[in-house]
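Colleague: Chains L and G, in that order, give the protein sequences. Just so you know, we're using my numbering here: the first sequence kicks off at 504 and counts up by one. Just so you know, we're using my numbering here: the second sequence kicks off at 21 and counts up by one.
Accuracy of the hints is not assured; some may be wrong.
[Unchecked claim] Here are the simulated lysine to any residue pairs, SDA-like style, with alpha carbons at most 25 Å apart: (1) Lys677/G with Asn585/L; (2) Lys677/G with Glu531/L; (3) Lys620/L with Ser517/G; (4) Lys592/G with Gln526/L; (5) Lys592/G with Lys627/L; (6) Lys592/G with Ala544/L; (7) Lys627/L with Ser609/L; (8) Lys550/G with Glu588/L; (9) Lys592/G with Met536/L; (10) Lys677/G with Ala544/L; (11) Lys677/G with Ser595/L; (12) Lys677/G with Thr529/L; (13) Lys627/L with Val512/L; (14) Lys677/G with Ile625/L; (15) Lys389/G with Pro464/G; (16) Lys677/G with Leu552/L; (17) Lys131/G with Arg64/G; (18) Lys659/G with Ile710/G; (19) Lys677/G with Asn597/L; (20) Lys592/G with Pro540/L; (21) Lys592/G with Glu572/L; (22) Lys592/G with Leu534/L; (23) Lys677/G with Gln526/L; (24) Lys550/G with Val560/G; (25) Lys550/G with Asn585/L; (26) Lys569/G with Ser517/G; (27) Lys509/L with Ser595/L.
Treat the hints as calculated values from the structure; they're not laboratory data.
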Amino acid sequence: MEEELKVIVFTLIDEEYGVEVEQVRTIERMLPMTRVPRTPAFVKGVINLRGVVVPVIDLRGRFGLPEREYTDSSRIIIVAVNGMEVGMIVDSANDVIDLDAGQIESPPEVAGGIKAKYLRGIAKIGDDRLLVLLNLEEVLNKQEIVQLEAMGE
Amino acid sequence: MMELNQYLSVFIDESREHLQAMNEDLLELESRPDDIGIVHRIFRSAHTLKGMSATMGFEDLAHLTHQMENVLDLVRSGSAEMNPSIVDCLFTSLDALESMVEDIVQGGTGKLDVNPIVQTLQSVLSGEALQQMETAAGSAVAEQTQNETARGELDDFQYSVLVQSLRSGSGVYRILVSLREDCVLKAARAYMVISGLEQHGEIIQSIPPVDEIEQEKFDRSFVLYLVSSENGANLEQLVRNVSEIGDTVLESLDEQTLKAYRAGGQPQLKTVAAQSAETTQAPAAAGQSPAREPAQSAAKRKSAAVPAAGRTIRVDIGRLDTLMNLFSELLIDRVRLEQLADEIRSNELTETVEHMARVSSDLQNMVMKLRMVPVDTVFNRFPRMVRDIAKTLGKKVELVISGADTEMDRTVVDEIGDPLVHMLRNSCDHGLELPEERAAAGKPETGTIQLRAFHSGNHVFIEVEDDGRGINREKVLATALSKGIVASEKAERMTESEIDQLLFASGFSTADKISDLSGRGVGLDVVKTKIVSLGGNVEVTTRPGIGTKFTIQLPLTLSIIAAMLIRIGGEKFAVPLASIVETASVGQEKIRQVHGNPMIDYRSGVIPLLFLGDLFEVPGYSPAEREELDVIVIQKGEKLAAVAVDEFIGQQEIVLKPIGSYLGGLFAISGATILGDGQVALIVDTNALIR
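For reference, chain L alone in the conformation it holds in the complex (with noise of 0.2 Å):
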């Protein structure tokens, strides 16, 4: 199955992550956002997108590694999966790149200390390049989200 994939390319420490072009809405710098009490501590809030709100998740914190301070070169990639608008906060966003459905192997059990589940498979692009590609139902899987609240409970 020779499918072509477009992906976008974005950072979170100093790895680089994928995510399927169709996903993705929009990516925004990083604006205002306004906490929403009682939720997980890697969901941040919610924003206001022209009109829209739109709860966002920092991507670090829900991958389980430590957070850092926003700089200028943080972003927000509001994805759309099952109906559901979520922006996710990354390090940084640029680049766009296509990828055969051969490059793609799937991974290892972690990878840069994320769960395979959250994982669609791993490519490998130019000589040193490794690009992580998420599944983003798991990423954003919302039974896991109350379970995680219950617990905070």
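Position chain G relative to chain L; hints supplied.
Modeller: Leaving out everything else, chain G in the frame of chain L:
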């Protein structure tokens, strides 16, 4: 034919209106059969409908309506008297017409094989069935006489129904079932035979009538006339498979042999009651064995639902929604301008903005009103539905509607239909008792369901109240315990109203037999979820033996509400004005501690004091530093509470924005709004703050 397509939507709208009017008139006619004026009205509607259908080329529609016209003409000219069978026949025709129109709406051709119904109508016309019905209707009310020799097993009406079934390709069978001599549970075995056969066809006639069979008022055998497309041998096998069944004689009938059983055929059983004329006509209609008393239901409307005589215009809903969206954006800008005018302090600017505020307020009211439709649009199909249900259940029900002109936002009106249907079915099925039970309890045989709609405050209330047997609390509690919905320790301490609310729990049903209508236990739970998703609430109150009342509360407007902006720490929140009883300022020294809970004096009692900053975990919140606390007094049912905030910023109209489905089930947050400065502020759901 191209030009006609423009008229299609007009045709659909007007057809629906005429059909609705005919349904209502026919219901009225049923309770007042002598009122010729109503017959005239129905005739005119049918006539108009016929003309429109013919023009648009919908031949089957025109054909059926034409036959209806003929029947109605007979009645209005005095050549025939209105009676229950004619009424049923007309109702069946109306149903067929409706399904044809709906087919057209879906893009179909509106074709339907109307022959069976047309033939029934024609048999009415030819007077054959007519005279038979009149005499039979008279004797149906009389006491049945024992040992009356049968005039034949099939009266003319049933005969014609069976003939039509044969002509449309179904099989007709006469089944003589005899139970074994040593059979003990006669009624049960008979019931098993009957229900087994009903799954493969319709029983048009039964001798003796089904209710007598159920009361074991028969010797050892009974006769059934069945219409079925199932193979005769299979049917016979089905009957024989029931235990304790002895001889079974199955006769497949054709038009010739059928005649033998009509007036003058061999009397099979000694006691045959005069048959009531309530058998349904076309095989397509639900086949019921004749009931001894026709179940009646009359629908009356207390409030005169006279359509407004004003001029109206049809508007596409999509356009209204667009208008609404544009308007809510305008509102955000207006608020911003008001803020700027405050800051800039130019007289001219302030005056202009104030004027704009007034105009946009009026504009807002108008836009709100555009979206409002009277609940009547939903209520108007209920009288017919209740009538049909009551008939199926053998109960007598009167539906009394009031406040049908109460207006609600159209989206809410669209969505509230299904929950109401379910509650009405519940009342008919579980709430109201059978006529005999009611009489035994000293109640009038006809049960009443009241359907009321009215405004109060910022809400619309809809009540469904019946005078039935009420909710059996022991049974409810027992069922909840057995289904694990409630733990036994908790069960002991539940108040009566808490037990009543168990009805809305998921997976709950006390029906012993899952009736076709409403026994699956999913209903009320789904009803409540639906109503809550509309921003409303539903409660039930009941008095055993006296009746049950469901109260639905819905918001009047959906997207723009008046709110109080408050500040806690560095964060702003909005509290809907409708949730606020009062605002006040309380000195720190006035706070009492009761069992470790902070309380304050309020009116003649004490109410709990809640610190929203703590509940919401607002960073850096420290109320202890302030000398005076600003509080909002909120209410839930009878309970009151005070909520401490840092500051009242001011009252504002805000546009409700959905917060998206990713963050479901937030604590005490019902939505979000965008403030004039572009910031998002969360809207507090005060109901969640009071336990």
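Colleague: Next step is simple, just say for each hint if it's right about the structure.
Modeller: How the hints compare with the structure:
1. Lys677/G with Asn585/L: holds, 20 Å
2. Lys677/G with Glu531/L: holds, 21 Å
3. Lys620/L with Ser517/G: Violated. Lysine 620/L to serine 517/G sits at ~47 Å, over the 25 Å cutoff.
4. Lys592/G with Gln526/L: violated, 33 Å
5. Lys592/G with Lys627/L: violated, 47 Å
6. Lys592/G with Ala544/L: holds, 20 Å
7. Lys627/L with Ser609/L: Distance of about 11 Å is within 25 Å: holds.
8. Lys550/G with Glu588/L: holds, 23 Å
9. Lys592/G with Met536/L: holds, 12 Å
10. Lys677/G with Ala544/L: With a Cα-Cα distance of about 23 Å, the restraint between lysine 677/G and alanine 544/L holds, given a limit of 25 Å.
11. Lys677/G with Ser595/L: violated, 29 Å
12. Lys677/G with Thr529/L: Distance ~20 Å between lysine 677/G and threonine 529/L Cα, so the pair holds.
13. Lys627/L with Val512/L: With a Cα-Cα distance of about 13 Å, the restraint between lysine 627/L and valine 512/L holds, given a limit of 25 Å.
14. Lys677/G with Ile625/L: This hinted pair is violated, its Cα atoms lying about 39 Å apart.
15. Lys389/G with Pro464/G: violated, 42 Å
16. Lys677/G with Leu552/L: holds, 12 Å
17. Lys131/G with Arg64/G: holds, 23 Å
18. Lys659/G with Ile710/G: holds, 8 Å
19. Lys677/G with Asn597/L: Measuring from Cα to Cα gives roughly 31 Å; hence the hint is violated.
20. Lys592/G with Pro540/L: holds, 12 Å
21. Lys592/G with Glu572/L: Holds - the C-alpha atoms of glutamate 572/L and lysine 592/G are around 24 Å apart, at most 25 Å.
22. Lys592/G with Leu534/L: holds, 17 Å
23. Lys677/G with Gln526/L: With Cα atoms ~23 Å apart, lysine 677/G and glutamine 526/L stay inside 25 Å; holds.
24. Lys550/G with Val560/G: holds, 16 Å
25. Lys550/G with Asn585/L: holds, 21 Å
26. Lys569/G with Ser517/G: holds, 12 Å
27. Lys509/L with Ser595/L: holds, 18 Å
Checked against the numbered hints above, the structure violates hints 3, 4, 5, 11, 14, 15, 19; every other hint is satisfied.
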